[in-house]
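Student: Residue numbers (this note's numbering), protein chains in the order written: chain Z, 1 to 395; chain G, 1 to 395.
Incorrect hints may have been included.
A pair holds if it fits inside one copy or across any two, identical chains being indistinguishable in the list.
Below, a list of computed lysine-lysine pairs in the DSSO-like style, where the Cα atoms sit at most 27 Å apart [stated by the list, open to error]:
1) K351 <-> K143
2) K113 <-> K154
3) K284 <-> K321
4) K351 <-> K284
5) K330 <-> K137
6) K385 <-> K267
7) K267 <-> K154
8) K356 <-> K237
9) K154 <-> K385
10) K113 <-> K143
11) K113 <-> K351
12) K258 <-> K82
13) K390 <-> K290
14) K113 <-> K258
15) K65 <-> K321
16) K351 <-> K150
17) K65 <-> K290
18) K258 <-> K137
19) K258 <-> K351
20) K330 <-> K356
21) K267 <-> K290
Calculated from the structure, these hints are not laboratory results.
Protein chains: 2
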Amino acid sequence: MKPLIPATEASSIISDSLAQLPAETVSLDHALGRILATDIRADRDAPPFDRVMMDGIAISMYNHKLGSWRYQIIGTQAAGAKQMVLQKGENAIEVMTGAPLPTDADAIIPVEKYDLQDGYALPHEGIEVADFQHIHKQGSDGKAGDTLIKAGSKLGANELAIAASVGATELEVYRLPRIHLITTGDEVIPPSETPTDYQIRRSHPSAITSLIQAQQLGEVTHQHLQDDPEAIEAALKTALQDSNNDILILTGGISMGKFDWVAPLLKKLLGEPEFHGVAQRPGKPFAFWKGEDTPKVFALPGNPVSVMATMHHYVLPSLRKMLGMQQEAKTLPLAEDFHWELPLTGILPYKAKNGKITIHPPSNSGDYISLHGTNGFTCIPPHAKLSAGKTLPLS
Amino acid sequence: MKPLIPATEASSIISDSLAQLPAETVSLDHALGRILATDIRADRDAPPFDRVMMDGIAISMYNHKLGSWRYQIIGTQAAGAKQMVLQKGENAIEVMTGAPLPTDADAIIPVEKYDLQDGYALPHEGIEVADFQHIHKQGSDGKAGDTLIKAGSKLGANELAIAASVGATELEVYRLPRIHLITTGDEVIPPSETPTDYQIRRSHPSAITSLIQAQQLGEVTHQHLQDDPEAIEAALKTALQDSNNDILILTGGISMGKFDWVAPLLKKLLGEPEFHGVAQRPGKPFAFWKGEDTPKVFALPGNPVSVMATMHHYVLPSLRKMLGMQQEAKTLPLAEDFHWELPLTGILPYKAKNGKITIHPPSNSGDYISLHGTNGFTCIPPHAKLSAGKTLPLS
């Protein structure tokens, strides 16, 4: 193992090696959670016409100010119907929410503020009527050509409603990273099988795949291999040559054990890694190959907590960068003091409540059960005495 | 319209009418984001055996304390292999991370802390060795039979890893609510079509469907109807009789306009609603029928911001309750003072940053463009003078 490098340096090395993925087109109905690659612009003003915002009558303020309190109703302007014309100042047109404002009208009196009598609307005495009241003016929310959503934005419900409204039914989004996961270990069996006394069931594929899928950060394929160097070498060769893979994730086999074949074989196939060993807990044996013509290789330690910590701290931010995500880093302040004695960066799970986090260090890197109910991982510098209120990065 | 009822009362009436949906079984691979209906218990201790946590040698502390600093290596205990026996106190067994601890051994010396010579391990001078060091004791994280994840928990990556590890490959989760959405309006056309001057494109289906899908709170079907009372009545009848629908959502047609057919027709078909009109902004005309033998009916106002506000404040919490979600209500404190002059409850979008929220009131209930970049809605009581730091509920 090379000398340990600081966790900050490991993050920089990885980040510098990443390129943004190309864009692809998806339909509006399949764009939820994806990252926009091309700005969405307004095709028309928003709203596109002076839009009635209340059921009532449309009138001319000029006449109203002259003292007109009796209006002849000359028709009904429905939403979705062509704009009518008021014609004379003493006229009124019944209007419905969503309808275009009739020509020459410049105020709406709501339906509950007048009486109808023999085809006339008689506004109640003393009501106040202001210029353009209950009218959503054309272009008041945005002008044709305005950028409404910038590339790099995540498409949620608000954004897809905007896209629909401007007719953006085919959206350019960044292609999802393709991740191939190789797990190794003679002691792990499929979750559906019954383990012997010295076996355990495989949990890494569920953990890693769900973590990536939950945030829509990529597509994951998986294979498991026994601790057999020939089989591992063959699988690594295939995975490294497969141009379909953007990223290769391995779990385990990178420490100093006799049967830790993964790191030696990757070195044989790819040469020395960018780093192998990071001054952090958990996840010290973590190694990374930037792979110019091959997928990038994240070789994660095999303990379940180490897997989750390094996934959160290194892999998820990498996927976000490849996806072109323009997003402020998430941070939250500590609810209480936290002292971290070790000369290593701590990558530790937290629980968030009312805008503050409490750190929940697992008892050891195998204690994945304690991760239930935690909300993610944060990062503590070596030898840190942090006071309540200190803002920490979340991954 | 009946007299307006307070927003808190509207929430109570809806909540009291909701029943939890039945459970269904999904496979582990399809359980992400679902709500667990039956506790997940440990089938074995966690870890299931005294588990080696370091590559190194396993030794007996009894002999070590007697001064033994030279160990004959009698074999290698791999992960996934049957437990070996140390036999004699001066023996050592090479062990790999993840392996079962050999019988009679009670400490691990890490591989970097001894030298190998002629089949013997010679620990470095002065190293400290503690009882059970680098051993993950059987049952130390949990005992067989322990409840690991309670019913009502949302299944994220941590939870699915735990499920995999205990062999829970078929999971009981609550069935997703089935929501049928009926939008109405002559003025709205499909997003793929080009509107005339007085038309707009339909955005409600994208907004509502994505909002529900993003949080995996239900399955949505949709149909759009023109402002034609016969067509609306027929569609309502069908939707109300369809036992496949748990919830019916309508947008628009519930105000006092001439072409507001939805509310009158629902009253004709279902009788008077639980309420029609809530003292809130936006979303005042909101109506609700609890539908004993029919789907529950949420009739939302048609303005885009009103739709999002009432979806967040009433519909999403209802879906969570039907899904049996046991989750603390989310809250965050205000970043700055906020004064709300109106005698109505405000349902307003916010942006969250570093654990605090800033409220971003839209300029009007048509201004859906301003929702881009906001993180959800919060709720402000009538006539509220709120100081920075005041904790508000998030929906």
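Student: Sort out which numbered hints this structure fails and list those numbers smallest first.
Tutor: 2, 5, 6, 7, 8, 9, 10, 11, 13, 15, 17 and 19
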